[in-house]
Every structure is written in C-alpha cells, then in structure tokens.
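Novice: Please work from the sequences and hints to get the whole structure.
2 protein chains.
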Amino acid sequence: MRNFRLTLAYDGSRYAGWQRQGNTPNSLEEKLSSALSRLLAQPIEIAGSGRTDAGVHARAQVASFRAETDMDCAELLRALRAVLPEDIGALGLEEAPPQFHARLSAVGKVYVYRIWNSELPCVFERKYVWQIPEALDVPAMERAARLLCGEHDFSSFRSGRSKKSAVRTVHSIRIARQGEELRLTFRGNGFLYHMVRILTGTLVEVGRGNLRAEEMPRILEARNRAASGPAAPAKGLTLWEVEY
Amino acid sequence: MRNFRLTLAYDGSRYAGWQRQGNTPNSLEEKLSSALSRLLAQPIEIAGSGRTDAGVHARAQVASFRAETDMDCAELLRALRAVLPEDIGALGLEEAPPQFHARLSAVGKVYVYRIWNSELPCVFERKYVWQIPEALDVPAMERAARLLCGEHDFSSFRSGRSKKSAVRTVHSIRIARQGEELRLTFRGNGFLYHMVRILTGTLVEVGRGNLRAEEMPRILEARNRAASGPAAPAKGLTLWEVEY
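Top line first, the protein sequences correspond to chains A and B.
Every letter in the first sequence is one number past the one before it in the numbering used here, and letter 91, counting from 1, is 91.
Every letter in the second sequence is one number past the one before it in the numbering used here, and letter 160, counting from 1, is 160.
Simulated from the structure, these hints should not be mistaken for laboratory data.
Small disclaimer: the values here were computed from a predicted structure and weren't measured.
Treat the hints with care, as some may be off.
Note that identical chains are pooled: a pair holds if it fits in a single copy or bridges any two copies.
Claimed, not checked - Think about it this way: if two alpha-carbon atoms lie no more than 35 Å apart in a straight line, the pair counts; the simulated DSBU-like pairs of lysine-lysine are:
id: 1; residue 1: K127; residue 2: K31
id: 2; residue 1: K127; residue 2: K235
id: 3; residue 1: K235; residue 2: K31
id: 4; residue 1: K163; residue 2: K31
Specialist: Set out below in structure tokens:
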C-alpha cells in the first residue's frame, strides 16, 4: 500500500462541511473519497487534517489516503482534477512516508477570517467574507486578541459538549486591515469545534464596544460557552494552511 | 427633474448582459430600472455607459437616470442597496449636472481581462478568469499589443454587422503577471461589440504561437472579422472604469 498526501482548495459554499454524515451526501470527504475510489478502482478512505464546518472554505487543506496503485502522482493528480467539480481544486499530490496521516501528523493550523468592514457592497468576494458595515475599534480587538493567545482551556470557545480536553495553544492572532477588509489570522496547535468562529465573534463584540478587551481572562476562566460572544458566520472562514 | 449618476459593481455570471432585450428579463438594465422605478414610484429609464455582454462583470460601471424626487442621494442609495441582489452592488450615487449622460458623456473606458495562466485549479476566482494552463509567450503578446494601440479601423475586431464607424483609439494595452494570473488592461476612447474579447483572443493566439505579432497590421487592414482570433470567454472580462 502506498500512502499519499493531497493538498486541496475548496469553496465551501455548496458543501455540508468536510465530514461525511449519515444521509448528507454533500460532504467534501464523500466527494473526494468517491472520486478517488472510482479513479483507483478500490475503496479509498480519505483523512482530512481536520473537519471544516458547512460553508467554511479551504485554501490549502491537507488530506491523506492509502491505495494500491502503479499510477504516478502527476497522472493521478491530472485524473482527479478532471473529475472534481470546479469548486474543489486538487492543488498537489505527493507520495508520503508510510506513517504520515493528515490529521494525526498535523502540528499546527492557520485559519483566516475575512471581515468586509464597510458599507460598500462586496460583490466579487461576497461568498468569502462577513460584512460588518459599522466601524470597529481595532486597537481594542488587538488587545483582546493578545489576551486570548497562549495555552488556555478554551471551553468557553467551543460549541457542543465534549469530555475531551479543551486545552489548546494559540500562537498568534494577527489583525490586519487591507482596504475595506479586516483580516484575522489565527495560528495555533489545534482548534476546537467552532473555536475560530467564536473567537472571531467575541473579538467583533469587543470591536463594537459590547465587551471590553479586559474581560477576556474572565471569559476564558468561565469555561462556559455562554460567557463568550456569538459564532461568526461560516462563510468568512478559510482554513489557510496546515503545518506538519 | 433631477439627474443622477450611479456607480455599480456586478458579477455578470447570472445575467443576460446589460441591455434589456425583448423577453429576456434577466438583464442588468431591467433589474436596475425596475428597482429604481419601485423605489421612486415612477417609471425610471436607466442609461449605462455601455452594454456589457452576458457573463461580463463590472467593477465600476456608470449609469445615469432622471427622476422627480425629494429623496437625498444617501437615502436613495441605502434603499437601493437594500433591494438589489448581492451580485449587484450600488457603490455610489450622486446628483449630476442636467446634461450628464452615462453613455454620451463618457470619453474613455478601461477593461481588464483576467487569464489564470496555470495548471493549478483556480477555485475562488473561477467565475472571473479564463484558465489557460499552457505557457504563453508574453513578450510576443506585448509586441502584438503595441501594434494594436493607436487609432485604427477595428472592423476585424468586431462581431456582427454594422454600418457605424469602427474607428476607435486604443490608448494602451498593458499585460502584467501577478502570480498565476496574467492581467490585460485595455484603455481606449471606446470599444466595439466584442472588441476586447476578440483583442484578447487574438493576443492569446500570439501567446500560443499560432499567430505572429507582426501580423497585427495585416489583420487590422483586412477589416474582416475572419482575419482575427476567436473571442475570449465573457467570464474573464471586467469593465473596470469609465472615464468622463
């Protein structure tokens, strides 16, 4: 069995998220597994570096799969590009060491959240941004972001119930303005379910003056989802990069 | 009657072009005229700076219309933004001098044609680019572009039959690479039906080695559509700016 590493971009607008779920056929995992299974004439199970929610995009998601085949990577990549829909792009395919696994081998992730911070309509990028017309206090958001960085129990920033550890390390949260756009870049060793969207929604509450930056330690300590802000919409979020 | 100047961005993917045509209700002219007529409770005829073809986009199309109203521009702009679909953006609205007319007053136009010149899939910008995976000879395209600039009879670069003059002045054609993208910027005093798309298609034929740059004068002199290259696809073209 050979082991492969696949790098993918996708526009998540049409999809029910990465993960295959019972009767919802429109997951990215399902689309990719079935495309590869057909091409390679064997059942292929693809593993993503992590699950992206319904509507979340990826600039460079990484996935791995094992297959028995003589095809070389360039040939398989061309064949895969020919069968994938135009909102899923196979950027690269290479053979990986036997122990490589897209999720288990990942040591870090970078997510970008794009806010279109203007009253002006955003026509061309409309599917990839969250529009917030009112002014945001960016220095306050930056102060709050600094207080959220580091190793913490992020239970207040996770959706759903889980007994698994909520301790994660956020290495940095960078907030940069580019024209009408405010771009939040999150780097960390891993992120919980909805964590980037809740971090973003909470930072926006700070930007709007509904929360103070200095409340971040209290919110972290609460370890309670009710203490933080609402989750920002899925469509503004992009999985930017996976680190190994 | 007051006279208004409206600046618009639109994603042309879903539309049958700017111009209202018989039974095709899905023109931009129709969408905008009917939105304004409803908002202002009077029949509004909107004039665009020019017609964009089906599938062509606009970053800053300019339109004008006359109306009897007391609404101020900011109020009308907000109301218009609230009713337009998200693929049509009203960027600005201002009162114009009585003699201003979006088409008749225009003195120049800028169009941008975007080529995604790579084998890599272009997921996020896929609706706004023409993908050409093979290498193009850009210096040859630039030589050809220089030979097409100036005042010429562009009959060889016009679709359809017309007795109207085909003499236009192309001020410049700039070809710039930005990563995987090759961006062609056309500035001129006006462009004929399909002219930018045929100029682009002809330059791409030069880039592919199917035509020589030195053939451009002969193609212009032929004054015959059959002498030039095929029209590039509509989706790569954007009306960038209108000059007054």
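Novice: Hint by hint, say whether it matches the structure.
Specialist: Going through the hints against the structure:
Taking the closest pair of Cα atoms, K127 and K31 come within 35 Å of each other both inside a single copy (21 Å) and across two copies (21 Å). In this assembly of identical chains, K127 and K235 lie within 35 Å of each other by CA distance both inside one copy and across copies; the values are 6 Å within and 18 Å between. For a Cα distance limit of 35 Å, the shortest separation of K235 from K31 qualifies both inside one copy, at 20 Å, and across copies, at 26 Å. Taking the shortest Cα distances, K163 and K31 sit within 35 Å of each other inside one copy (30 Å), while across copies they are farther apart (53 Å).
In summary, the structure agrees with every hint in the numbered list given earlier.
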